Structure formats: structure tokens, C-alpha cells
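Chemist: Sequence:
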Amino acid sequence: MHGITVTCFAASYLVALMLEFSRLFFRSGVRGALMLGFAGAGLVAHSLYLAGRLARFDGGPVSGWFEWFLLASWILVATYLYLACYHPRNPIGLFILPLVLVLIAVGYLFRFEGAFGGARLWGLVHGLSLLMGTVVVLIGFVAGVMYLIEAHRLKQKRPPAGRFRLPSLEWAEKVNGRTLVFSTILLGIGVLSGLALNAINQSQGAMALPWSDPVVWSSGVLLAWLVAAAAFNFAYRPARRGRKVAYLTVASMIFLLLALGVILLVPSKHPSQQALLTNQQLGSARYDGAIRRARPPCRWGFHPPTVAISTVAVTTVALATVADGPAADDFAVIPLVAAGVRGRGCLWRIPAGVWFWSDGCAGCCRAVAAFGSQRPGGWL
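According to the working numbering, the residues represented by the sequence shown are 1 to 380, in order.
Calculated directly from the structure, the hints in this document are not laboratory data. Predicted model only: the values in this text are computed from it and were never measured. Each hint should be verified, as a subset may be incorrect.
Said to hold, decoys possible - Listed below are the simulated EDC-like cross-link pairs for lysine to aspartate or glutamate, each with C-alpha atoms no more than 16 Å apart in a straight line: (1) LYS244 <-> GLU173; (2) LYS244 <-> GLU170; (3) LYS174 <-> GLU150; (4) LYS244 <-> GLU150.
My request is simple: use the sequences and hints to build the entire structure.
Modeler: Laid out in C-alpha cells, this is it:
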């Protein structure tokens, strides 16, 4: 299990997606078996990787954002394998597998985030219910998009586009209605268990989230939309059929993306962000050393990902400097060094108080967020 990396199962899913895409161009008698084989092998590697991380880190099945996104993608892959067997002639993987790869990529981007905290009961219920609710919203989104595409084809009275045959409208409509109900229930449990966990923390003198916290109000907005959509679907009979329910599930996906964006990117007192402070303050040097040992030195003196990271950071600092005026400690950036000159790295701070460190080669082009001022800006 130590030799399994994210690349192993992500590459398997990518090959399965390419095989799904090849359906549109030619027939093959062995393609179905290859698709299931690559997706199944990826799921096995995915499972072993998750099991290894859960064994190393004592935080429950959703110990951090990395595990959260990986587990969500794991459930989606399992759903894809079931649907691929149930609808072997329909290219459902064209819709599900891209979401799987996006979830893995987002989880990998947030792999340095802190843990959620202890795996007590309410925290476990909170994390798992939000996870399952998110996955159900994604499945509803896939069914909604397939319904709208197929409905548009039938409205235009066009024959099926070659080998691009989607499931029936009745099937997609049924999935849309069910996902709308189940996502509302699961996310409702997640929000209510979060409120219970917050009340327990407050009664024990621990840090509690205020109602104005971005995590609280963004989750509340998402839940309010789902409740309103489910109520509309229940009370208004025409909304249970046709495009209306498909539009509701697509809109639910948009609200979910907005909520996740706020939770991940906007500063909050939620434990998922506060744990990052503690982890970096207690052991940033040891953590960085472990990363250096775990990743081999780069063979190239120029790294496009590092250039992208550096460009975004330098642009952010430059805009903030123009708006707020220069400050002596706002940044210390040598773009050529941050762009990946062999063996050198650079540290800079944006005005919000977040330090970013780009290791030109040894760390294989990454940026680690470290709150506070435990390191001075400048050369590394």
C-alpha cells in the first residue's frame, strides 16, 4: 500500500474516461471489459490508498478535506461501476468520471489543509452526512444534464447521435426526483448535526462558530435552497415531471459549488481551517522536511506549475500593493527564483497574512500555506 499514489487510481479513471469517449467514434467488443477493468483497478487502488491514510491518521473516515474529497470520488466511482453494468450501452461515464477527476484534483490541492478534529459521534455524523449529501447532489446533477440533453434531442426530433445513446427520460426523471429528496435529507442532517456539535463545543467552553461565520451561512443557504426545491417539487405536481425537476437538480449543483467555494476559500473559524493554524505552528519545519524526503528532486530547472503559482501570487500582491500602498513586509519575491530556478525557493506574504512558500525544485513545485510569522520573508 505504501507504493500506491493518487496518480495510480487517477490515471486508471482517466483511461476509463478515454475509453468511454471512444464510444463516440468506433465499436469494440472488448472496450466494455477494458472500461470496467481500469475503473475497477482504480477503485481497488483508491480503496487501498484511503485505507492506508486512515490507518496512519487518527481522524475517522473524514479526517480532512483531502480524505473528504477522495471518499466522495470513491463513492462516485462505485456508482459509475454499478450504472455501467446496469446501462452498458449508455456512456454514463462521460458525465460521472470527469466529476471524479475534479474531486480528486481539488482534494489534492487541499491536501495540506489541517484535520477536521476528533472523530466523536456528532462530528462523524456531521462529516459523513454532508459527504453523502454532496455525492447525491452530484448524481442528481448528472441525471439532470442527461435528461436535458435527451429532451432537447427529442424536441428537435433528431435520431440518436450514432453511439451516443443516453438513458430514457423516465429513468433520468426518477433519479432526479429521488436525489432531490435524499440530498435535502442528508444535508439537513449534516447541518443539524453541525449545530449540535457547535452547541456541545460552546457548553464545554471550546471555540464555537458564530452565526455570521461563512461556513454557517453558506451551509444554511444551500440547505434553504434544497428545502425550497424539495417543497416545490412535492407541492407542485408538474414540477415532479419533465424539465422542471432537472433544472432543480442542476441549480442545486450550482448552490453546492458556491457553498463549497465559500467554505474552502473564505476565512472561517471552522475546525477544518483552524486546525491548519495549529499544525503549521507546532510542526511546520518537521512537516516540510517530511515533504522534502518524500518527494524526489526535480530533474528540470523550470516548472510550469510553479510558474503558474508564482504568477498568481505575484499578481495578487501587486494588486494589493497598488490598492493599499506598499509595505516593507508585504512580500519578498524574486520572480525568477519563484519560477523554478534549480535548487532555490522563495517565500512571500500577501497582505491577508498568509505566507506562501514555493520550492523551486526540491519540493516539486508546491505552495504551502502557513499562517503567522514564524518565518521571515526572503530567501530559503
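Chemist: None of the hints should be skipped; say for each whether it holds.
Modeler: Hints versus structure:
For the given pair, LYS244 sits about 10 Å from GLU173 by alpha-carbon distance, which is consistent with the 16 Å threshold. Only pairs whose Cα atoms come within 16 Å are accepted, and LYS244 paired with GLU170 is accepted, the gap being roughly 14 Å. For the given pair, LYS174 sits about 14 Å from GLU150 by alpha-carbon distance, which is consistent with the 16 Å threshold. At roughly 14 Å between alpha-carbon atoms, LYS244 and GLU150 fall within 16 Å of each other, so this suggested pair holds.
Violated hints for the displayed structure: none, as all numbered hints are satisfied.
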